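Chains as they are written, first to last, in the numbering used here: chain A, 537 to 778; chain B, 537 to 778.
Warning: the hint list may mix true and false statements.
Said to hold, decoys possible - Below, a list of computed lysine-lysine pairs in the DSSO-like style, where the Cα atoms sit at most 27 angstroms apart:
1. B:Lys625 <-> A:Lys589
2. A:Lys743 <-> B:Lys589
3. B:Lys698 <-> B:Lys743
4. B:Lys625 <-> B:Lys698
5. A:Lys625 <-> A:Lys698
6. B:Lys625 <-> B:Lys589
Honestly, the hints are just simulated from the structure, not real lab data.
Just so we're clear, the structure is a prediction, and the values are computed from it rather than from any experiment.
Number of protein chains: 2
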Amino acid sequence: RRYSTGTRLSDGLLFRQLFESESSTYTYLLADAVSKDAVLIDPVLETVDRDLKLIEELGLRLKTAVNTHCHADHVTGTGLMKTRLAGLKSAISKSSGAAADVLLSEGDRITFGNHYLTVRETPGHTDGCVTLVTQDEGVAFTGDALLIRGCGRTDFQQGCSKRLYASIQQKIFTLPDRCLVYPAHDYLGQTVSTVGEERAFNPRLTKSLEDFVAIMNNLNLPKPSKIDISVPANLVCGVHHV
Amino acid sequence: RRYSTGTRLSDGLLFRQLFESESSTYTYLLADAVSKDAVLIDPVLETVDRDLKLIEELGLRLKTAVNTHCHADHVTGTGLMKTRLAGLKSAISKSSGAAADVLLSEGDRITFGNHYLTVRETPGHTDGCVTLVTQDEGVAFTGDALLIRGCGRTDFQQGCSKRLYASIQQKIFTLPDRCLVYPAHDYLGQTVSTVGEERAFNPRLTKSLEDFVAIMNNLNLPKPSKIDISVPANLVCGVHHV
Ligand SMILES: [Fe+2]
Ligand SMILES: [Fe+2]
Chain A
537 RRYSTGTRLS DGLLFRQLFE SESSTYTYLL ADAVSKDAVL IDPVLETVDR
587 DLKLIEELGL RLKTAVNTHC HADHVTGTGL MKTRLAGLKS AISKSSGAAA
637 DVLLSEGDRI TFGNHYLTVR ETPGHTDGCV TLVTQDEGVA FTGDALLIRG
687 CGRTDFQQGC SKRLYASIQQ KIFTLPDRCL VYPAHDYLGQ TVSTVGEERA
737 FNPRLTKSLE DFVAIMNNLN LPKPSKIDIS VPANLVCGVH HV
Chain B
537 RRYSTGTRLS DGLLFRQLFE SESSTYTYLL ADAVSKDAVL IDPVLETVDR
587 DLKLIEELGL RLKTAVNTHC HADHVTGTGL MKTRLAGLKS AISKSSGAAA
637 DVLLSEGDRI TFGNHYLTVR ETPGHTDGCV TLVTQDEGVA FTGDALLIRG
687 CGRTDFQQGC SKRLYASIQQ KIFTLPDRCL VYPAHDYLGQ TVSTVGEERA
737 FNPRLTKSLE DFVAIMNNLN LPKPSKIDIS VPANLVCGVH HV
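Make the full structure from the sequences, and use the hints.
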């Protein structure tokens, strides 16, 4: 049962994975099945209407819209959502340098009903990257730190491959093997992984630190097409004056 | 808890949802966590390598590759997979008119370890469409019969909107509200729904039969770009001489 995965979340926890195809971003909706309080992780500006419609249909009350980091590839939907939903609070890590209603640090909890997500700081892709972990350590939302069989790039936005390696090894790979890994992106149609699988099969993270740094230094990736728009926008919840 | 959904499958059942972006097709991998026997639903030719790699990494033994129907929008991967994996059997409904090792009919079971999927015939999009249901009725793989907030088109390939309406009402909407709905396609980044949600919110299936038929008659969709290649190929597992 080592790599066992049903996409099994704990009792009373509503869960929905959503995808934005232009930026290949996953947005995650979690809610307390009883109280209906909800959290949205990494909403994308272009899919705000879809997400709000689903939240309404499911009868949920969205309390917090949180970004795992200041994204460079898409504009966040948190600011627009705040204009639509009274009482909604945006959240992002303090180290991101971005503005939000709630600035998160290591160990902070994002509470919704009887559930909460715990913040683990996992810098390296950016300074302000966090991984959000359910209270039973059954699910980790890893943002752009750990991707399925990959990891976030480290060649811009305070990227540091040594720091990313340490973050993943110390803050993510210390979670139980069964812990589901839901990243912020996937480009190959993969929807979920587990900590056990990534520890065994991630082509970058199964390497030594030295080899990892060499791999990351030689990716030669093009600059994200939207970075000059996205990063300034995401420093202010995706919209100015919110 | 009516629309409650974690993507919760039953105990000992491994599950993975995979996506092929060109045709927006979902492929589903299910396996018995103990015996490691596996079933793959709707594999796509272009993602055979990805799927086989995952199956190998997870240590699974793929017994059956099943198509929910003879697809018009992509070429199935079952034939190519059979050339790679000894003992793999292809399956499709008898009513599809396609060739395969196993021809399925209402009530048939696709067994893998201690688990099985039960075949429900759900024609209307094509004559040979089936919905595959886990033994606890917790998950339904609805193919192109029921989509998330939509349904398969009925304007080619023996399509019949009256028949599709009856199939969904009688064979899918009779499943428990909590039953997860995993379709063959989604074009809006939605990954899963539930029978309860679709009964309440599907904009087509909440209508009367007459209104449904009128909607389906007025979609004015373009012909699928790959239909002249896909359908002949899918009548023989996606490849000739297999
Ligand atoms: Fe990023
Ligand atoms: Fe189809």
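Hint check:
no.: 1; hint: B:Lys625 <-> A:Lys589; in the structure: 41 angstroms, violated
no.: 2; hint: A:Lys743 <-> B:Lys589; in the structure: 19 angstroms, holds
no.: 3; hint: B:Lys698 <-> B:Lys743; in the structure: 12 angstroms, holds
no.: 4; hint: B:Lys625 <-> B:Lys698; in the structure: 33 angstroms, violated
no.: 5; hint: A:Lys625 <-> A:Lys698; in the structure: 33 angstroms, violated
no.: 6; hint: B:Lys625 <-> B:Lys589; in the structure: 18 angstroms, holds
In this structure, the earlier hints numbered 1, 4 and 5 are contradicted, and the remaining ones agree with it.
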